[in-house]
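**Student:** Listed below, chain by chain, are the residues.
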Amino acid sequence: DQQVKQNSPSLSVQEGRISILNCDYTNSMFDYFLWYKKYPAEGPTFLISISSIKDKNEDGRFTVFLNKSAKHLSLHIVPSQPGDSAVYFCAASTSGGSNYKLTFGKGTLLTVNP
Amino acid sequence: AAGVIQSPRHLIKEKRETATLKCYPIPRHDTVYWYQQGPGQDPQFLISFYEKMQSDKGSIPDRFSAQQFSDYHSELNMSSLELGDSALYFCASSPIIAGFYGYTFGSGTRLTVV
Numbered sequence: 043d044q045q046v047k048q049n050s051p052s053l054s055v056q057e058g059r060i061s062i063l064n065c066d067y068t069n070s071m072f073d074y075f076l077w078y079k080k081y082p083a084e085g086p087t088f089l090i091s092i093s094s095i096k097d098k099n100e101d102g103r104f105t106v107f108l109n110k111s112a113k114h115l116s117l118h119i120v121p122s123q124p125g126d127s128a129v130y131f132c133a134a135s136t137s138g139g140s141n142y143k144l145t146f147g148k149g150t151l152l153t154v155n156p
Numbered sequence: 036a037a038g039v040i041q042s043p044r045h046l047i048k049e050k051r052e053t054a055t056l057k058c059y060p061i062p063r064h065d066t067v068y069w070y071q072q073g074p075g076q077d078p079q080f081l082i083s084f085y086e087k088m089q090s091d092k093g094s095i096p097d098r099f100s101a102q103q104f105s106d107y108h109s110e111l112n113m114s115s116l117e118l119g120d121s122a123l124y125f126c127a128s129s130p131i132i133a134g135f136y137g138y139t140f141g142s143g144t145r146l147t148v149v
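Residue numbers (the working numbering), protein chains in the order written: chain A, 43 to 156; chain B, 36 to 149.
These aren't lab readings, by the way, just hints derived from the structure by calculation. Some clues are possibly wrong.
Each pair of labels, with its calculated beta carbon distance range [unchecked claim]:
1. A:Asp97 / B:Ile47: 42 to 52 Å
2. A:Arg103 / B:Glu49: 39 to 49 Å
3. A:Pro156 / B:Ser105: 48 to 58 Å
4. B:His45 / A:Lys47: 30 to 40 Å
5. B:Asp97 / A:Asn69: 36 to 46 Å
Here are some chain B residues pointing at chain A (derived, C-beta under 10 Å) [claimed, not checked]:
6. Tyr68
7. Gly75
8. Ala127
Cβ atoms here follow ideal geometry from the backbone N, Cα and C, with glycine treated the same way.
Take these sequences, add in the hints, and give me the full structure.
**Tutor:** See below:
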């Protein structure tokens with residue numbers, strides 16, 4: 043049972059345009075949501091996160107939006123750059139006894155074309 | 036800045052052999068997580084340790100065991116290796132309040148079982 047779903051395995055965007063990566067979840071107990079970026083042969087790198095008490099968090103070109111009622115979050119990258127090309131994983135966790143174990147989606151491969 | 040160090044980077048083993056993967060967390064991080072990522076799959080949580088004690092357990096086979104030592108480094112021991120164990124194994128570390136900041140992953144160990 044996939045609790046975190048990224049339904050688009052890939053996304054291709056032109057440089058300078060907006061990239062929107064989507065993520066849905068089923069577990070209403072999740073209270074932290076995170077995006078990781080992964081290049082080949084490297085470990086995932088933390089990008090940005092949002093707490094369930096917020097609906098938006100912004101960090102430079104990256105903004106994450108959370109819609110709790112729809113159990114949906116999205117990552118917006120504006121403007122997209124070729125260096126953003128990577129696999130993006132959505133992840134979620136619950137606070138408390140599980141020490142923030144992360145549940146990952148399957149990832150979306152973003153390609154930003156020059 | 037110091038990162039999470041994993042060794043070895045690559046490992047080739049035969050079926051039924053044993054393997055030991057090592058993880059050195061970021062200094063002052065007291066929690067270590069192990070994840071397994073199969074080809075084309077999302078990272079799957081295996082096990083975590085907090086202050087040298089197992090804090091959570093995921094989809095870790097009984098053939099695998101892990102521990103965290105007094106210097107906070109962790110080892111994942113894998114016995115009776117099977118072809119299906121071929122995967123990228125990531126270790127991550129975090130301070131206990133990782134929820135909003137995620138954790139830092141190492142570059143992974145690529146295990147190939149032949």
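**Student:** Now tell me if each hint is right for this structure.
**Tutor:** The hints, checked one at a time:
no.: 1; hint: A:Asp97 / B:Ile47: 42 to 52 Å; verdict: holds, 48 Å
no.: 2; hint: A:Arg103 / B:Glu49: 39 to 49 Å; verdict: holds, 47 Å
no.: 3; hint: A:Pro156 / B:Ser105: 48 to 58 Å; verdict: holds, 50 Å
no.: 4; hint: B:His45 / A:Lys47: 30 to 40 Å; verdict: holds, 31 Å
no.: 5; hint: B:Asp97 / A:Asn69: 36 to 46 Å; verdict: violated, 26 Å
no.: 6; hint: Tyr68; verdict: holds, 7 Å
no.: 7; hint: Gly75; verdict: holds, 8 Å
no.: 8; hint: Ala127; verdict: holds, 7 Å
Checked against the numbered hints given earlier, this structure breaks only hint 5.
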